[in-house]
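Heads up, this note's numbering is the position in the sequence shown plus 409, with the first residue counted as 1.
Treat each hint with caution, since some may be false.
[To be verified] Here are the in silico distance ranges between beta carbons for each label pair:
id : residue 1 : residue 2 : range
1  : L446      : G420      : 42 to 50 Å
2  : G455      : N415      : 28 to 36 Å
3  : Q449      : L412      : 20 to 28 Å
4  : K453      : S430      : 18 to 26 Å
5  : K452      : T427      : 39 to 47 Å
6  : L446      : L418      : 18 to 26 Å
7  : N443      : C419      : 34 to 42 Å
8  : I450      : T427      : 14 to 22 Å
Just so you know, these hints were derived from the structure itself, not from any lab. Ideal Cβ placement from N, Cα and C applies to all residues, glycine included.
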Amino acid sequence: MKLLWNDWLCGLNGVVSTLKSLFMMNFMSYSYTNPTLATQILKKIGQLPILPYNP
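All chains, please: the whole structure from these sequences, using the hints.
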């Protein structure tokens, strides 16, 4: 059961890191076209409680 849980966590971490990299690539290209909105979004993200997650 523990092995299955570890596999599930690894899969989830992979999905999260993929989503994070996709979001960052989209965000970088988006911030060139609309920098003011990008900084507002970054401020909002900075106000959110960050989960202790390090890939």
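Hints and how they fare:
1. L446 with G420: 42 to 50 Å: 33 Å, violated
2. G455 with N415: 28 to 36 Å: Holds, at about 32 Å.
3. Q449 with L412: 20 to 28 Å: 44 Å, violated
4. K453 with S430: 18 to 26 Å: Hint holds: Cβ distance 20 Å, inside 18 to 26 Å.
5. K452 with T427: 39 to 47 Å: 25 Å, violated
6. L446 with L418: 18 to 26 Å: 34 Å, violated
7. N443 with C419: 34 to 42 Å: 36 Å, holds
8. I450 with T427: 14 to 22 Å: 20 Å, holds
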